[in-house]
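Protein chains: 2
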Amino acid sequence: MEGLWLFSVALSAAGAIGFICIILVLRWVLYFRKGLAWDGGAAEFNWHPVLIVTGFIFLQGIAIIVYRLPWTWQCSKKMMKFIHAALNLVAFIFAVISMVAVFDFHNAANIPNMYSLHSWLGLTAVILYCLQLVLGVGIYLIPATPVSWRAAFMPLHVYSGLLLFTSVIAVALMGITEKLIFALDNPKYKDSPPEAILVNALGVLLVLFGALILWIATRASWKREIFMQSNFNMNQINRIPVTYINDFQTRYHIIHPRREPLTFCTICK
Amino acid sequence: MEGLWLFSVALSAAGAIGFICIILVLRWVLYFRKGLAWDGGAAEFNWHPVLIVTGFIFLQGIAIIVYRLPWTWQCSKKMMKFIHAALNLVAFIFAVISMVAVFDFHNAANIPNMYSLHSWLGLTAVILYCLQLVLGVGIYLIPATPVSWRAAFMPLHVYSGLLLFTSVIAVALMGITEKLIFALDNPKYKDSPPEAILVNALGVLLVLFGALILWIATRASWKREIFMQSNFNMNQINRIPVTYINDFQTRYHIIHPRREPLTFCTICK
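So the protein lines, in turn, are chains S and X. The first sequence lines up with residues 1 to 269 when you count with full-length UniProt numbering. The second sequence lines up with residues 1 to 269 when you count with full-length UniProt numbering.
Excised from the complex, chain S in its bound form (with noise of 0.2 angstroms):
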């Protein structure tokens, strides 16, 4: 069931969604509302949904996965880490543009700001975005870290990864709510016109295609396969000792490779 196919069926699934979405959102600002500006109205306003769909959901996604498209398993672990800490950035500098054209615009139009439930949780998304950056950064990124530091903080990393990925759709679908009922007038929200259907559309396709990045990010067997090194191979597996189990507090998976002989291992971390 997890196999290669199911692997690319879910890959290719996640791009064209998030392919769609970003059609969708730029199909929103540009033919319903009133385009992309910078000018300190509604139309640098719109940078808002279009910089947080392509930047802080979709390149996060990417993000996300990166470590599991098997075509750069043969690039080196930093490396990766590089694309990965890379698009996480582009990431958040999407995000922090997309919150200061709000301001501009809430500033411009005399609208408070920081007073919704939205506002609140992608604040608070953003900041912990940062930080998880900066420590994924240093921990990961700087030779100097011990690596048993590394191992011990992965769990935490993965989880607060994934569940601020799962946090700033959620405030997205918010905030879509929240300015679909605030814009539409005249027909409302209520009465479904054209523009509400695209961009309820819109929201689905998001929850779609975050289904879909956790989906690929969670299973055990898609993970970036590594030889065994150092002291870790096949034919020591049967002699794992306990007290590196006990040091660093990790778990390591005996796990079936996809249609491969068991010559790999996959370890967390």
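Rather than coming from a laboratory, the hints here were simulated on the basis of the structure. You can trust all of the hints, since none of them are fake.
Identical copies go unnamed one by one, so any copy, or any two together, can satisfy a pair.
Think about it this way: if two alpha-carbon atoms lie no more than 25 angstroms apart in a straight line, the pair counts; the simulated SDA-like pairs of lysine to any residue are: (1) K179 to E195; (2) K190 to G40; (3) K188 to L123; (4) K223 to P155; (5) K34 to A201; (6) K190 to A108; (7) K77 to S148; (8) K190 to T124; (9) K190 to N107; (10) K188 to V102; (11) K179 to F103; (12) K78 to L141; (13) K223 to L163; (14) K190 to F103; (15) K81 to G136; (16) K179 to I197; (17) K77 to L162; (18) K179 to L26; (19) K179 to D191.
Once you've looked at the hints, dock chain X against the given chain S.
Below, chain X without anything else, positioned relative to chain S:
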């Protein structure tokens, strides 16, 4: 880091936050809104947030982590499955009643049904939750179902359960956003009256509750530990037949049980 004390802290925090959420939603509808009734009016609508928070979020969260509670580990697996299913069934019933309340209110007030993204995703979540419940009972509670089916379906069951739980919280956050925008008038939502602050805080606590449940549910070392039986025990762990792994396409985790001798092992099924 993943010891019993941390589990206790996470569990206590989840319980306390879940309890506060129930208090806040009751405070919202009883103090700021028109209380609870079943008359087709606003007081009937108020059952919607109350039943969603108490049933579809709190009870579902408890149902998810019920296997993790150490004082239940002496109970039989079958008993725990019944408790898990029963809690989910009650959560589902609460969700259905809460939806009936909304449809009644909408129909009485001539408000269209099913126009918002909140309603689209909410109804989808309830339908999929029902499907998850039916499949779960069919596969894990009917004795005739082959063990191999149970093992094969488990990754999807776990993933779907956690995704649905997360989605329900996201949909609740959208519902809170909608309700505050529609219901608050003079002062409006943007003026941040006490009701808005209270319900925003409820939204933040729902996210924290969800984050804690997901953390507890996804820690491998907090899984229900079972004695290795039949052909599995720690003396035989080095001789796990590869064919067994192939056949069931499942993963075997050799973990370090917390502060206990290595006489237990967790098996993912």
